[in-house]
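Trainee: These are the residues of each chain, in order.
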Amino acid sequence: MTRLHKLPQNQVAAHLAMLKGNHNDLKSGVAQPLGSTSFRTHLIQSGLAYDIQCTGVTNNNTVVLVTFTPTDSANGVLGLVYRFYMQYVDSTGTSYLADSRLANIQRQVPSGSTQEWYIYLQGSNSSPIAWVDLTFYFFASGSGTFTSVLV
Amino acid sequence: MRMHALPQNRLSHSIQQLVSSSDKLKTAQYIGTGAVQFILSSNVGGYDWSGVLPAAISGGPAVGDQALLVTAATTTMNFAVGDLIIQLFVGSPSNLYTYGNFLADRAASIQPFSAVAYSLAGPASSPNISTWKIFVSGDRTTTCYIKVYLVANDSMTLTVVPTTTL
Chain C
143 MTRLHKLPQN QVAAHLAMLK GNHNDLKSGV AQPLGSTSFR THLIQSGLAY
193 DIQCTGVTNN NTVVLVTFTP TDSANGVLGL VYRFYMQYVD STGTSYLADS
243 RLANIQRQVP SGSTQEWYIY LQGSNSSPIA WVDLTFYFFA SGSGTFTSVL
293 V
Chain H
-7 MRMHALPQNR LSHSIQQLVS SSDKLKTAQY IGTGAVQFIL SSNVGGYDWS
43 GVLPAAISGG PAVGDQALLV TAATTTMNFA VGDLIIQLFV GSPSNLYTYG
93 NFLADRAASI QPFSAVAYSL AGPASSPNIS TWKIFVSGDR TTTCYIKVYL
143 VANDSMTLTV VPTTTL
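As you go down the protein sequences, you meet chains C and H in turn.
Residue numbering for the first sequence follows the working numbering, starting at 143 and increasing by one per position.
Residue numbering for the second sequence follows the working numbering, starting at -7 and increasing by one per position.
Next comes chain H alone, as it looks inside the complex (with noise of 0.2 Å):
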């Protein structure tokens, strides 16, 4: 005799059916028609590292720069995969400046400021876990302002120090 089938055991058959394929599920990563969803992430706030920027190790005493290091954890998924957004801000936390302000400062002989970012491999032992180095440079009298965002596979949380190793 089928139990299962009795009217009175037929709501935990299928409650026992439901977690056991829950179950499995948890262990896959289903994604909808051959495309995966990316999330952008980011710190509260406007900004996630400000400062004057230090003394250059090159490029003559009006130069500075800083080296940042940015660290992303995936919040569920244990393998990350993203791209990292900066901006820069200089003066205010509102003024942002572009590579365009930079060809227009260059022109005019005004010290420029540049934020580049490179991927780094990252802990080998973490592949949820993304690191980034940001370097900025450019004038050593003007507070700048970074600001990151980043678009990844999952929500990341994101810190953003300040680094001496360039």
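Excised from the complex, chain C in its bound form (with noise of 0.2 Å):
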């Protein structure tokens, strides 16, 4: 049998051809086809009752590092984290919900997949506070995983 599309003549034509069904694979959904004006959501959590607890933290003792990791991470930057959320909650009854704008939070800057902020914790040097816990909430474009470690 003669192969057609081996002749000289023919290989762009069939080049062509493969190009063409990756396109329409792309078409069909062997990637994520997204419309023009959406953007899937993820919240990342762990579920846990906090992430991290810190004890004894006085005026400028307690930095925590948070460490996003998008689950795929093998074809580039994926899992963009665009909103951040901290729970504090501490032994003397203050609690509240806070997002980067608080001066506290300092997301970093990225070096490849990952996403950090670190948090400082405030208290008082002559009354320490006996324990804050930390929970972690992330709105990105993709699954991840996060730790959080004191630094």
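What the hints contain is simulated information worked out from the structure, not anything from laboratory work.
From a predicted model like this one, the values you see are computed outputs, not experimental measurements.
Hints are supplied without guarantee of correctness; some may be wrong.
Stated by the list, open to error - Computed footprint of chain C on chain H; a stretch qualifies when at least three of its residues, placed anywhere within it, have a C-beta under 8 Å from a C-beta of chain C:
no., segment
1, 3 to 10
2, 71 to 83
3, 86 to 96
4, 140 to 147
Said to hold, decoys possible - Derived DEER-like restraints, expressed as beta-carbon distance ranges:
no., chain 1, residue 1, chain 2, residue 2, range
5, C, Leu161, H, Pro85, 46 to 52 Å
6, H, Asn35, C, Gly189, 38 to 44 Å
7, C, Asp241, H, Ala59, 18 to 24 Å
8, C, Leu161, H, Thr135, 52 to 58 Å
9, C, Arg243, H, Ala100, 24 to 30 Å
10, H, Pro85, C, Leu185, 22 to 28 Å
11, H, Ala96, C, Arg243, 21 to 27 Å
12, H, Thr68, C, Thr234, 38 to 44 Å
13, C, Thr211, H, Ser147, 18 to 24 Å
14, C, Ser188, H, Thr135, 39 to 45 Å
15, H, Thr135, C, Thr289, 34 to 40 Å
16, C, Trp273, H, Ser147, 42 to 48 Å
Unchecked claim - To give an idea of the interface, some chain H residues facing chain C are shown, with a C-beta separation under 8 Å as derived from the structure:
no., residue
17, Gln29
18, Phe30
19, Leu32
20, Ala99
21, Val108
22, Ala109
23, Tyr110
24, Thr135
Backbone N, C-alpha and C fix where the C-beta goes; we use that ideal spot for every residue, glycine too.
Please dock the two separately framed chains into a single complex, following the hints provided.
Mentor: This is the structure:
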């Protein structure tokens, strides 16, 4: 049998046919197609009572590093976190839900696919806060996991 | 007879289908595996605004404040989703001032600095434009520098201009 598509004069057409196949795949949903004004939101949270507990908080002795890692980072920087919220509860009875408008929540410039925030806690040197519980919520464009550690 | 199946017509037919398919793709955003890629945007240079803070409306004679309007526009997408990252430098464009510095200065009774950003609604007729206001406050005798970064669903053009409206 003659492999006509391997003839030099037919190879361009064969390549174009493959390209056409790729485009058809993209259209049919092999990749996630979105409408031009829609955007899929993921809320990522641990479901735990709190994500990190800090103890003995004085004026400037407690900084928490929160790191969000997208589930799929193989193809570049995926999983944009466009809103970050923090639930704060402490032993004195103070509680609030904060977003990055609070000055003590400082988002860092990302390098690679992870996204990071520093949380600076403040208490009293003469009367430290016994404990502070922090819980984090991420509104992101993809699924992911996060960690929070004292630094 | 299927004229497009003739060898001499196959190439042009394939190209025609490709063009048609590409036209349809142009009206959709296709992304990979359930996540949107984010892009980090910033302007060239070490900072977007610098200056000594003018006298504040309230807060005493030593305190100054400055409002900055940040406008970000997408390069290609027709809507913008993103988050602003601000860096405050005090005294020199390389002296990053964190909230830890704020707490330390305040404990030492030194007038501290702070910078926060509020997301604004943006123009209703232009969903591809996002706006923020940054409020810088602190000592009135030291030059402050503000550098902004944006993580968003598209490459963004950024402008940072002082505004008198607090």
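Trainee: Restraint: Thr135 (chain H) near chain C, CB-CB cut 8 Å. Satisfied or not?
Mentor: violated, 20 Å
Trainee: 46 to 52 Å was suggested as the range; check whether the CB atoms of Leu161 (chain C) and Pro85 (chain H) agree with it.
Mentor: holds, 48 Å
Trainee: Holds or violated: the 18 to 24 Å window for the beta-carbon distance between Asp241 (chain C) and Ala59 (chain H)?
Mentor: holds, 19 Å
Trainee: Note whether the CB distance of Thr211 (chain C) and Ser147 (chain H) lies within 18 to 24 Å or breaks it.
Mentor: holds, 23 Å
Trainee: With respect to the beta-carbon atoms only, verify the hint that Pro85 (chain H) and Leu185 (chain C) lie 22 to 28 Å apart.
Mentor: violated, 37 Å
Trainee: Can you confirm whether chain C covers the segment 86 to 96 of chain H, using C-beta to C-beta distances below 8 Å and requiring at least three such residues?
Mentor: holds (count 6)
Trainee: Tell me if the beta carbons of Leu161 (chain C) and Thr135 (chain H) are separated by a distance inside 52 to 58 Å.
Mentor: With Cβ atoms ~55 Å apart, the hint holds.
Trainee: State, for the Cβ atoms of Trp273 (chain C) and Ser147 (chain H), whether the hinted interval 42 to 48 Å holds or is violated.
Mentor: Taking Cβ atoms as reference, Trp273 (chain C) and Ser147 (chain H) lie about 43 Å apart, which means the hint holds.
Trainee: Closer than 8 Å, Cβ to Cβ, for at least three residues: run that test on the segment 3 to 10 of chain H against chain C and report holds or violated.
Mentor: That given contact holds, which follows from 5 residues of the segment 3 to 10 of chain H lying within Cβ reach (below 8 Å) of chain C.
Trainee: Would you settle whether the hint for Phe30 (chain H) is holds or violated, based on the nearest Cβ-Cβ distance to chain C being less than 8 Å?
Mentor: holds, 3 Å
Trainee: When the nearest CB of chain C is found for Val108 (chain H), is that gap smaller than 8 Å?
Mentor: holds, 5 Å
Trainee: Does the Cβ-Cβ separation between Arg243 (chain C) and Ala100 (chain H) fall within 24 to 30 Å?
Mentor: holds, 26 Å
Taken one by one, the earlier hints fail for this structure at numbers 10, 12 and 24, listed in ascending order.
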